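Participant: Here are the chains, one letter per residue:
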Amino acid sequence: LAKTTQPISMDSYEGQEVNITCSHNNIATNDYITWYQQFPSQGPRFIIQGYKTKVTNEVASLFIPADRKSSTLSLPRVSLSDTAVYYCLVGFSNQAGTALIFGKGTTLSVSS
Amino acid sequence: GAVVSQHPSRVICKSGTSVKIECRSLDFQATTMFWYRQFPKQSLMLMATSNEGSKATYEQGVEKDKFLINHASLTLSTLTVTSAHPEDSSFYICSARGIPLAGGSYNEQFFGPGTRLTVL
Numbered sequence: 421l422a423k424t425t426q427p428i429s430m431d432s433y434e435g436q437e438v439n440i441t442c443s444h445n446n447i448a449t450n451d452y453i454t455w456y457q458q459f460p461s462q463g464p465r466f467i468i469q470g471y472k473t474k475v476t477n478e479v480a481s482l483f484i485p486a487d488r489k490s491s492t493l494s495l496p497r498v499s500l501s502d503t504a505v506y507y508c509l510v511g512f513s514n515q516a517g518t519a520l521i522f523g524k525g526t527t528l529s530v531s532s
Numbered sequence: 091g092a093v094v095s096q097h098p099s100r101v102i103c104k105s106g107t108s109v110k111i112e113c114r115s116l117d118f119q120a121t122t123m124f125w126y127r128q129f130p131k132q133s134l135m136l137m138a139t140s141n142e143g144s145k146a147t148y149e150q151g152v153e154k155d156k157f158l159i160n161h162a163s164l165t166l167s168t169l170t171v172t173s174a175h176p177e178d179s180s181f182y183i184c185s186a187r188g189i190p191l192a193g194g195s196y197n198e199q200f201f202g203p204g205t206r207l208t209v210l
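Protein chains in written order, with this note's numbering: chain L, 421 to 532; chain F, 91 to 210.
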């Protein structure tokens, strides 16, 4: 399974756009890139998933360059409630037995 | 998205007792379930993977006789921590992948809310 590298922490202010970049140099052809959000004492919550180029949903955008060796999660206009740990994971989503392996994640702190 | 529940959400027990944690998929068939453990300020660590009807596959360093996993149906998996000790105190999280009841397939893994285990 591909290893991921993310910044340990990031700080932002309310209303700003936050971009968290994840490196996954050993990503395999069949791997998808998935981002999860976790609040203290809660299970991770799915944010967004993509394979290539750009994916956008109601909460975030995911930018994936052509070589797919990195990806960037973009959170538009963050609020205090976006303070959480964000995990970038890489894995073959269609293989039922494959687990997602979590790295250290990025702790995002949003201030007013 | 699909919903995964866990019960109990919090449990406190005495050292030496056994604790069972249930993980249920509420609106889909969970063909594969995963159990993670998370210590304070740390990331989730995969403990084991279980497919419905077969034995669980444990990660290196996880004692299968201490952490008993049963995945007897497509909607339920249980983790039993046997003879629990204070060092087993942790946040246990299950997740599941599978097939929506309405058909099709899910690409993502759905996580339960977690169970906080405290062993005195």
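It is worth saying that the hints were derived from the structure and are not from the lab. Just so you know, not all the hints are guaranteed correct.
[To be verified] Straight-line distance between alpha carbons at most 20 Å, and here's what the computed EDC-like set of lysine to aspartate or glutamate pairs gives:
| id | chain 1 | residue 1 | chain 2 | residue 2 |
| --- | --- | --- | --- | --- |
| 1 | L | Lys-474 | F | Glu-198 |
| 2 | F | Lys-110 | L | Asp-487 |
| 3 | F | Lys-154 | F | Glu-142 |
| 4 | L | Lys-423 | F | Glu-142 |
| 5 | L | Lys-524 | L | Asp-502 |
| 6 | L | Lys-423 | F | Glu-198 |
| 7 | L | Lys-472 | F | Glu-198 |
| 8 | L | Lys-524 | F | Glu-112 |
| 9 | F | Lys-154 | F | Glu-112 |
| 10 | L | Lys-524 | L | Glu-434 |
| 11 | L | Lys-474 | L | Asp-487 |
| 12 | F | Lys-131 | L | Asp-487 |
Just so we're clear, the structure is a prediction, and the values are computed from it rather than from any experiment.
Participant: Decide, hint by hint, whether the structure agrees.
Facilitator: Status of each hint after checking the structure:
Between the alpha carbons of Lys-474/L and Glu-198/F the distance comes to roughly 18 Å, so the proposed pair stays at or under 20 Å and holds. A hinted pair counts as satisfied when its Cα atoms are at most 20 Å apart, and Lys-110/F with Asp-487/L does not qualify at roughly 45 Å. For the hint linking Lys-154/F to Glu-142/F, the alpha-carbon distance of about 17 Å falls within 20 Å, and the restraint holds. As the CA atoms of Lys-423/L and Glu-142/F are separated by approximately 28 Å, the hinted pair breaks the 20 Å bound.
With a C-alpha separation of about 18 Å, the suggested pair Lys-524/L and Asp-502/L falls inside the 20 Å cut-off, and the hint holds. The hinted pair formed by Lys-423/L and Glu-198/F meets the criterion: a straight-line CA distance of about 18 Å does not exceed 20 Å. Annotation: proposed proximity of Lys-472/L to Glu-198/F holds, straight-line Cα distance about 16 Å (limit 20 Å). The suggested pairing of Lys-524/L with Glu-112/F is violated, with an alpha-carbon distance near 26 Å, which exceeds 20 Å.
Taking the CA atoms of Lys-154/F and Glu-112/F, the gap is about 17 Å. The hint holds against a cut of 20 Å. This hinted pair does not check out: Lys-524/L and Glu-434/L have alpha carbons roughly 24 Å apart, beyond 20 Å. For a cut-off of 20 Å, the pair hint linking Lys-474/L to Asp-487/L stands: about 13 Å separates their Cα positions. At most 20 Å may separate the alpha-carbon atoms for a hinted pair to count; Lys-131/F and Asp-487/L exceed this at roughly 33 Å.
Comparing the model with each earlier hint shows violations of hints 2, 4, 8, 10 and 12; every other hint is respected.
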